[in-house]
Every structure is written in structure tokens, then in C-alpha cells.
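Student: Sequence:
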Amino acid sequence: MDVLSGECSSLAHELLRCQERLGADNTSRPVCALRETETGAADTASVHRAFLAVIGVTVTLAIVLNLMVILTIGLNRELHTLVNYLTSLLCFNQLVWTIFPIMEIKMDGFLIEGLCALRHYVLQTTTSANFGLIVTITLLRYLMVVRNHSYPPNAQNMALFTIIAILPCVCRVLLFDQADNGLCGHFIAETPDGYIINTIPERKRQLRTFIILITEHIIGLGAIAFCYARILVKTFASGKRMIIHANEKLESGHPSQPTPMELAARVRVAEASSAAAESRAENGQVPEPSPASHRAPPSRDDSKTSPSAPLRPEPGLSAGVVLSVEELRPPPSASSPSPAPSSHGQSGTSQRRAGPRRGARTDVVATMAMVAFLVTFVVSFTPYVALIYYEKERGQQCLMMPDTRMYLMMVVIVSGGITAVFNPLVCVVFSRDFRKSFRHLRRKLVVWKS
Numbered sequence: 001m002d003v004l005s006g007e008c009s010s011l012a013h014e015l016l017r018c019q020e021r022l023g024a025d026n027t028s029r030p031v032c033a034l035r036e037t038e039t040g041a042a043d044t045a046s047v048h049r050a051f052l053a054v055i056g057v058t059v060t061l062a063i064v065l066n067l068m069v070i071l072t073i074g075l076n077r078e079l080h081t082l083v084n085y086l087t088s089l090l091c092f093n094q095l096v097w098t099i100f101p102i103m104e105i106k107m108d109g110f111l112i113e114g115l116c117a118l119r120h121y122v123l124q125t126t127t128s129a130n131f132g133l134i135v136t137i138t139l140l141r142y143l144m145v146v147r148n149h150s151y152p153p154n155a156q157n158m159a160l161f162t163i164i165a166i167l168p169c170v171c172r173v174l175l176f177d178q179a180d181n182g183l184c185g186h187f188i189a190e191t192p193d194g195y196i197i198n199t200i201p202e203r204k205r206q207l208r209t210f211i212i213l214i215t216e217h218i219i220g221l222g223a224i225a226f227c228y229a230r231i232l233v234k235t236f237a238s239g240k241r242m243i244i245h246a247n248e249k250l251e252s253g254h255p256s257q258p259t260p261m262e263l264a265a266r267v268r269v270a271e272a273s274s275a276a277a278e279s280r281a282e283n284g285q286v287p288e289p290s291p292a293s294h295r296a297p298p299s300r301d302d303s304k305t306s307p308s309a310p311l312r313p314e315p316g317l318s319a320g321v322v323l324s325v326e327e328l329r330p331p332p333s334a335s336s337p338s339p340a341p342s343s344h345g346q347s348g349t350s351q352r353r354a355g356p357r358r359g360a361r362t363d364v365v366a367t368m369a370m371v372a373f374l375v376t377f378v379v380s381f382t383p384y385v386a387l388i389y390y391e392k393e394r395g396q397q398c399l400m401m402p403d404t405r406m407y408l409m410m411v412v413i414v415s416g417g418i419t420a421v422f423n424p425l426v427c428v429v430f431s432r433d434f435r436k437s438f439r440h441l442r443r444k445l446v447v448w449k450s
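Residue numbers are given in full-length UniProt numbering: position 25 of the sequence shown equals residue 25, and the series is strictly consecutive.
You may find that some hints are simply not true.
Derived pair list, reagent style DSS-like, types lysine-lysine, alpha-carbon separation capped at 30 Å [what the hints assert, rightly or not]: (1) K449 - K436; (2) K436 - K234; (3) K234 - K249.
No wet-lab data here; the hints were simulated from the structure. Note that this is a predicted model, so its numbers are computed, not measured.
Using the sequences and the accompanying hints, generate a full structural model.
Tutor: Quick look at the structure:
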């Protein structure tokens, strides 16, 4: 206990009952236990088992779910949009975070300077990058929906928004150092069952750290609130204008053009007919005429290029390649107002809009998804508040018992695990395109395994 100051040394003698024990390396090591309990060994072992279980469950779920999102986005071209690229970065950042709980498996890692520094930088960078990516995705949606800007997922845009997202993280790394939050404790003694009692590391410049964190989050949360308010106002206003315009067309006796949903239904019918005909041809059967072939010829106002004409796949080509809702969308009228652009991307299924109601609903659902991201991020910070309160209440103590240290680390791991586990689940719950692509990927994996 030579590392303890006079006040801490007297406190340690009051709390602990110690004796010297010869270690495996023939050196004498102090072995201590709390004076007020005789069941410390059993309690510490049970806490250790719970600690390892929390690490195992959290790390496994975080790795599986985030890899699932990254692979689904990477292997499906329909999901290759700038927003989904930033979402995949968010998931990759959470994979990096799993380094921290894995390091905590080593029970004496908090005494090794290199591991303390690595733990400090992993926590600082992943937390700041998470928040920066959430703010950047919100800003991107604001620019696309409210400002009507277009950002194709090319290398220039990906690099630009990546820099914007990680800029707060870079600033935090430059402003903070290991003395702020990454100091190691010092060995005091061992418990009878081999766990380590250590000193509580000193936190320097806590006020400076607190001011920087509060400033960063106030600016970020203010930007998110502003962007969401403008997105919702623009989305609902655009949807209302489109509904009024559609009602006016119906009242004037001019039927509206088929919606992309109707065109998609015709595409599915055409694909089914083509697949059935090809199957019968392969089996040597004579294809029966489809009901569409008995339809009356088009009227004088109809033509082959009319969007309301029946859609038939071109012979010799795959119907899935020839037909798509995007290609068959009727050109917008010059007099009709354009709905607010969907913010999921600029290519593939993310661009499809089925009328004003579908466009408004799409952006509202996307907004709900981002709010869920943000709520998950905020909730993940509540255990840290409890941790700060504990340190304030127990600040007069200068030593850390092993069970107390494991309890606190479980709080930190669970708080980060909330973000690492629930963020990819938000992608699955709120994104229909993602669920569809994931089902296709799962079918491919099943076929590949068989």
C-alpha cells in the first residue's frame, strides 16, 4: 500500500483486513478483504460471472447485427445511397466500439498503461463519431428534402460527408488527452480469491471536459431539432398540396395517370405470365394464350406508349431486367407540383414515390427512424449520469474493490451496448427497402449453403 497517501492509507486500514502472502514468483503480495463481510469471495465470483455474461451477450449481438446491416447494404445495389453509406459507417463505428468490452475481459487490464490509453481513445472516438454521424445524416436529409439538393453516392460526396461526420471526433481527440479520462489505477492488494483492489485514478480538468462535451451536444442537438422541424413542415405541406391538386383533377373530370403502385402491380402480373410461359416452353408444352391477349384493342386515345396500356415483357429478355417501376413511371406534368424528395437516396427503390401520400409517409417514417437513433443515443448516456453520481458520492474513497469496479464497467458496457445493438435494429424496423433486401440476401445464403 505504498502508493497510498496518508489519508487514503488510514482509510484503507479501516476498511480492509490484510496479510502478506507469498506469490508464485516468490514475492510477497498483500491480500486484503473487507472487514464487514465474510462472503466477499462468493459475491465477487458471482459478479464476475454476470460481468462476463454481459460482455458476451452485448458483443455478440453488436457484431452480428451491425455486420448484417453492413453486408445487406454492401451486397444490394438498390441500397447504395449516401444515407445508407453513412448508416454503414455508423454500424462500422459500433463494431470498433466492441474492442472496449473485449478488453475488459482481462481483469488486470486497468493497470496496464497501454490498455488504459486504448480504452480511452476507443470510448472517446466511437462516442463522438456516433453522434457526428447521426447529426450528419439529419443534415443530409434536410438538404435533400427541404433544399431539394441531390447527392449521388459518388466518391466526392462520400468523402465530403465522411469528413463532416468525423470532424467533431477529430476535435475531441485534439482537445482531450489521456490525462482527462484515461489514467490507470494502481495496484493495492489482492482479494483472497485473486481479484485486484486498486486505487481510483484521478480525473484532471473535469470542468474543461464537461464544458467541451456540453457545447458539442448542445450544438448537435440544436441542429437536429432545427432540421427535423423543417423536414416535417416541408413534407406535410408538400403532401397537402399534392392531395389538393389530385382532388381538383378528379373534380374537373380529368382522370389521373396510373400511380407507380398500379404500374408495379402490372409489372408483377407481366413477370408471372412471362415466367409461366418460359416454364411451359422449357417443358415442351404449348403456351396457352394469356388473358391479356384476349383484351380488346386499345381505344383511339390509347397507344403503345400510354402509361395505362398493359405491360408485356419483351421476348427473349428477363422480365425482371426489362420492367421496373422506375422506368415505367409516367413523366410528371409541367403544371403539377413536385412532392418533397425522399431522402433515402437518389437511385434504386429509394427514389420511388407512389403519389403524395406515399412520399409524405416515406419521409415521416425516415424521420421516425432518425428520432429512434437519437433517442437510443440519449438513453445510452443515462448510465453515465449514474456513474458520475456514484463517483461524486464516493469521492472520499480512494480505493476500488473488484466487485464495485465490475458493476461500474457493466454500466458503461450496457450504455454503449444499447446504441450498438438497437441502432441496426432501427434500420430493420423502419426501412422496408432494407427488409426486402435482407430477405433476398438470406435466400441467397440459403441457396449457397444448400
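Student: State the violated hints by number, sorted upward, taking the hints as numbered earlier in the document.
Tutor: none
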